[in-house]
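Peer 1: Spelled out, the chains give:
2 protein chains.
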Amino acid sequence: MGKLEHRRASARLRILNPDGSPAAGCQVQIDQTSHKFLFGCGVFDAVELMRTNDETKKAFLSERLDKWLKLFNYGTLPFYWGRYEPEEGHTAEPETMAAAKWLGERNVKVKGHPLCWHTACAPWLMQYPNEEILRRQIERIHRDVTAFKGTIDMWDVINEVVIMPNFDKYDNAITRICRQYGRIGLVKEVFAAAKESNPDAVLLINDFNTSVSYEILIDGLLEAGVPISAIGIQSHQHQGYWGLEKLNDVLERFSRFGLPIHFTENTLISGELMPACIEDLNDWQVDEWPSTPEYEERQAREITEMYSVLFAHPLVEAITTWDFNDGCWLGAPSGFVHKDNSIKPAYTALDKLIHGAWETHEQLVTDSEGFVSFTGFKGGYRLSAGDGAPFAGSAEFRLEEDKEETASLSLA
Amino acid sequence: MGKLEHRRASARLRILNPDGSPAAGCQVQIDQTSHKFLFGCGVFDAVELMRTNDETKKAFLSERLDKWLKLFNYGTLPFYWGRYEPEEGHTAEPETMAAAKWLGERNVKVKGHPLCWHTACAPWLMQYPNEEILRRQIERIHRDVTAFKGTIDMWDVINEVVIMPNFDKYDNAITRICRQYGRIGLVKEVFAAAKESNPDAVLLINDFNTSVSYEILIDGLLEAGVPISAIGIQSHQHQGYWGLEKLNDVLERFSRFGLPIHFTENTLISGELMPACIEDLNDWQVDEWPSTPEYEERQAREITEMYSVLFAHPLVEAITTWDFNDGCWLGAPSGFVHKDNSIKPAYTALDKLIHGAWETHEQLVTDSEGFVSFTGFKGGYRLSAGDGAPFAGSAEFRLEEDKEETASLSLA
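Protein sequence lines correspond, in order, to chains A and B.
Those letters in the first sequence? Residues 1 to 412, per the numbering used here, in order.
Those letters in the second sequence? Residues 1 to 412, per the numbering used here, in order.
There could be a bad hint or two in this list.
Since the list gives no way to pick out one identical chain from another, each pair is judged satisfied if it fits inside one copy or across any two copies.
With a straight-line Cα cutoff of 35 Å, these simulated DSBU-like cross-link-like pairs (lysine-lysine) come out [said to hold, decoys possible]:
1. 169 - 3
2. 169 - 246
3. 36 - 169
4. 57 - 3
5. 246 - 57
6. 188 - 57
7. 58 - 36
8. 352 - 169
Simulated from the structure, these hints should not be mistaken for lab results.
Please model the complete structure; the sequences and the hints are all you need to start from.
Peer 2: This is the structure:
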């Protein structure tokens, strides 16, 4: 486990008897109850759950989300402008807020995605001249970041800037203003707006382009003083797993900035691969894209390898798999569960990492002074009286930093 | 000629008799003697001419340079650090200065290339720690830009920044500091040094990478306030002519910044093409790379088309063909003359444009007030008495801006 040392911390805890005296020679149980690392997944269905009145659908989505909650501690909610505000002034704030709060109550950290993007943008913006589009973009950021402050404190501020001004599939308001103000000019504006509205938020830039272009963009943005909290890297692998070489190359190149790295949109599929000749994944339209047992094993292997490499890298702080269930984006077999919510081998494989290999559970015996020491994965913990202890009860604590922590806990 | 209007200007000139009265009804001859547009070529042989004592070589180089001077008004001189200062403190300043002055006396504008580059860099720099390498790089720029001020006022300040920190063919001092300070951090430093030493100089960034990466780099540099005077674009086409589509795409994408564009290193060859699979042109090593009559015609056609497109673009201010003669870089048949100085069809084709289609020569007759009006390509002009004029003599003038100029000239 040498390469995972950055994920762990040591603690020294003192256990007291109910009368305040050190509990010497007592058996105690240490159980990790949550992760500091962000194990994430898209969770758009939470909004759907808030929105629907159909009881059958509700039950189905609840079952799906139960499985989701057993695996993950971090979710991405949709803020695509065109869907969030399909008609100017009428937003999906109520159901999105309800979903965010519902997730928060279940100890899930939430990220909003995205505040600015040329795709899935509001078509009504195109009636305005560029300076007005930019003004409304800034206003939209102020409005939404402010409204969700305290509930959502992490944002993909802007998405896919590398291609943004060159995007030529169709006219849209954001490509227009990116052309006019330049990539860096626009990114500066949108980050400034987000920062103004929530100074403590984690603000990400996010891109599928992992070439030198994205490196140069980040270099330019940091030089321009843009307050990027973390670098977002998409890794939709519908055309095949990147493999270790590409994965390590991307990690090495984007580590140069010393910023946290988030894998924001990961996809590994359990079906036939999309042909390599497709340049824009959106161009691949199929009626059926089946998940098969053979490819499900492949998906599970790739998930295991990729998550292991990322978890071992000191700068990676979050991994988000894009689709929880099959049949979402592009209709791909990209989920941890099938369309009917039955789990796939990838679910089990990831569970074995998150809640197996990377989760700390130990039985310890206190010394004569009542101390126990242990090293565990960073996160939340429960300490409880072990078998045969002369008392009952439990205590919660957090193990966050890689330093020795000393605490006195009384299991009363 | 509608698409060349930006290359031309109109003038209204008044001709006076030696006694000061208007020369009415006189025939005058208008001859363009130089171009505002920079028609350039590498001219490293000028340094060689200054350096050699071998009379045979001198005569051969003089013959070559005579042909060079008949075609071009703009030359690039070498400042590769490793060759300019092979031993620390011992530079090629004397012969380079002599060459630059020799060219200046022949009305050739000179550009120095390059002040910072990871290739052909001084190996002795690698003994120093990074901060010391950067200090010496800045010092080198101050030294050379100051020494040549007034003789060379145009510089390729930094070369090939897109690949610079990722360059992995061999260790070198400049890749090291580019990794440490970042692309934009390093470019800022070297441009600041050049600007400090010669505030009025034309300062270029130059790259062979014409992808979106270079766009993003320029966007970042401009946002960071780097005083880029013009965007340098290399176009070594050893693997085949770009063609109109790529050429127009590059022009469109790099026009977005509104800066002048210089085609700094153009190559079109008159031989077999280098295979497309070669990624770094330097990897192509051949014993012989013959120029053939058939390919010489192709080269002439491509030169004609490419120069015509570039001359027609309002932001393009300079085109430099890299090699004047065959057998220079990579041993390619890339010249306007063969190795023995005999001219190739491309020479004649370009001459027909520069000193033919794009050069103004007119015979005019003054009106009753002594005025003549004409529209001509921008540059230097000689006005002389035409056949049957009642006086002799000539006058020089410049036609620079696209506005009506009125001048009184007395041909005494």
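Peer 1: If a hint holds in the structure, say so; if it does not, say that too.
Peer 2: Hint check results:
no., hint, result
1, 169 - 3, "between (44 Å within a copy, 29 Å between copies)"
2, 169 - 246, "both (28 Å within a copy, 19 Å between copies)"
3, 36 - 169, "neither (40 Å within a copy, 40 Å between copies)"
4, 57 - 3, "neither (44 Å within a copy, 64 Å between copies)"
5, 246 - 57, "neither (41 Å within a copy, 52 Å between copies)"
6, 188 - 57, "neither (42 Å within a copy, 58 Å between copies)"
7, 58 - 36, "within (30 Å within a copy, 74 Å between copies)"
8, 352 - 169, "neither (42 Å within a copy, 42 Å between copies)"
Hints 3, 4, 5, 6 and 8 from the list above are not met by this structure, while the remaining hints are.
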